[in-house]
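Work the whole structure out from these sequences, hints included.
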Amino acid sequence: NHYTQLFCQLLCLYLFTSRNCLKKKADNMKMKLIDPVVKSFKVAKVFRENTDKINAIDFSPNGEHLISCSEDDQIVIYDCEKGTQSRTVNSKKYGVDLIRFTHANNTAIHSSTKVDDNIRYLSLHDNKYLRYFPGHTKKVISLCISPVEDTFLSGSLDKTLRLWDLRSPNCQGLMNLPGRPVAAYDPEGLIFAAGVNSESIKLYDLRSFDKGPFVTFKLYQEKECDWTGLKFSRDGKIILISTNGSIIRLVDAFHGTPLQTFTGYPNNKGIPIEASFSPDSQYIFSGSTDGRVHIWNADTGCKVCVLNGDHPGPVQCVQFNPKYMMLASACTNMSFWLPTADDDM
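First residue of the sequence shown: 1, per UniProt numbering; consecutive thereafter.
Don't read these hints as lab results, they were simulated from the structure. Heads up, the beta-carbon is just placed ideally off N, CA and C, and yes, glycines get one too. Certain hints may be false.
[Said to hold, decoys possible] Derived lysine to aspartate or glutamate pairs resembling EDC-like cross-links, with alpha carbons at most 20 angstroms apart:
no. : residue 1 : residue 2
1   : K93       : D150
2   : K92       : D52
3   : K269      : D117
4   : K128      : D97
5   : K202      : D158
6   : K202      : E188
7   : K139      : D116
8   : K139      : D117
9   : K114      : D97
10  : K202      : D235
11  : K139      : D72
12  : K237      : D299
13  : K42       : D310
14  : K128      : D72
15  : K93       : D116
16  : K53       : D97
[To be verified] Label-pair distances were calculated between CB atoms; the ranges are:
no. : residue 1 : residue 2 : range
17  : K237      : K93       : 39 to 47 angstroms
18  : R167      : K303      : 22 to 30 angstroms
19  : G212      : R167      : 24 to 32 angstroms
Below is the structure:
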């Protein structure tokens with residue numbers, strides 16, 4: 001009822017004001033991520049500073065900060081412990097997409113939506129560009145930072161995948177591919193996966209990527225949508241494939257065997273809706289064009305629940321905090337979610 005929902009909202013807002021309440025690390029917390037806890041997530045804080053769609057979000061590795069970028073050319077940094085917006089940076093000249101924290105919380109990289117297709121390395125402290133990375137001749141559609149060092153991968157509609165080092169504007173490696181690429185590092189940063197033409201996954205050893213992939217998994221080509229993202233599970237055993245349709249796939253990272261297919265969420269606008277793992281890889285989270293967050297069990301493939309956070313538009317971005325029991329989802333608004341179930345569940 002109305003009063004119960006209001007109480008839950010007030011409770012969650014109170015939790016965000018207490019630093020210690022968010023100091024529950026996902027790998028060592030009292031509250032386990034189980035179905036009743038997942039179903040109990042409620043919106044604790046909503047930020048309405050953006051005037052256009054948020055197109056990418058990224059948590060810092062320590063989980064203390066979240067960064068977002070949007071089609072109104074804003075970059076916003078949030079403090080996840082305090083539940084506050086800590087800084088806004090504008091990128092009016094070049095636009096911004098695919099924002100990613102580097103290993104330092106005060107710098108980020110992003111792709112461009114205006115002027116050219118260069119990748120830009122930005123100091124968030126003083127809003128100055130530290131370096132440009134030229135080379136792509138069409139829109140960059142994939143961008144990922146190595147989990148262990150200052151290198152990153154970019155994939156573009158020019159059908160190339162490029163390897164970069166933050167310390168140099170020169171491309172460190174170039175792979176010409178037969179179709180549009182999406183890419184991801186494995187959790188140890190030793191290999192990377194390239195999804196090509198929405199039908200195959202190629203695995204490369206970073207030490208010898210110039211020799212080509214050491215294995216290629218051929219999957220059924222998507223007929224009604226394109227692959228828009230790849231993510232490895234934290235243990236490196238599973239690859240999650242996001243699309244701009246109404247389908248998400250899980251694939252065995254060692255054998256290429258299809259494991260699960262998740263459907264039953266709307267995407268009638270053809271947008272690249274993000275799908276994400278929970279930190280323990282038990283659950284899959286996805287946005288939708290109905291403004292809700294859809295959640296499945298990764299092992300069984302069964303839908304666990306649908307969370308309604310009153311998003312006024314399509315939810316393109318959803319991620320679980322890597323360290324704290326917290327979820328973020330974004331349309332034009334940014335929502336922070338917290339569980340309301342009892343700790344002793």
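Against the structure, the hints come out as follows:
no.	hint	in the structure
1	K93 with D150	26 angstroms, violated
2	K92 with D52	13 angstroms, holds
3	K269 with D117	24 angstroms, violated
4	K128 with D97	17 angstroms, holds
5	K202 with D158	18 angstroms, holds
6	K202 with E188	17 angstroms, holds
7	K139 with D116	8 angstroms, holds
8	K139 with D117	6 angstroms, holds
9	K114 with D97	10 angstroms, holds
10	K202 with D235	19 angstroms, holds
11	K139 with D72	18 angstroms, holds
12	K237 with D299	12 angstroms, holds
13	K42 with D310	11 angstroms, holds
14	K128 with D72	19 angstroms, holds
15	K93 with D116	10 angstroms, holds
16	K53 with D97	11 angstroms, holds
17	K237 with K93: 39 to 47 angstroms	42 angstroms, holds
18	R167 with K303: 22 to 30 angstroms	45 angstroms, violated
19	G212 with R167: 24 to 32 angstroms	26 angstroms, holds
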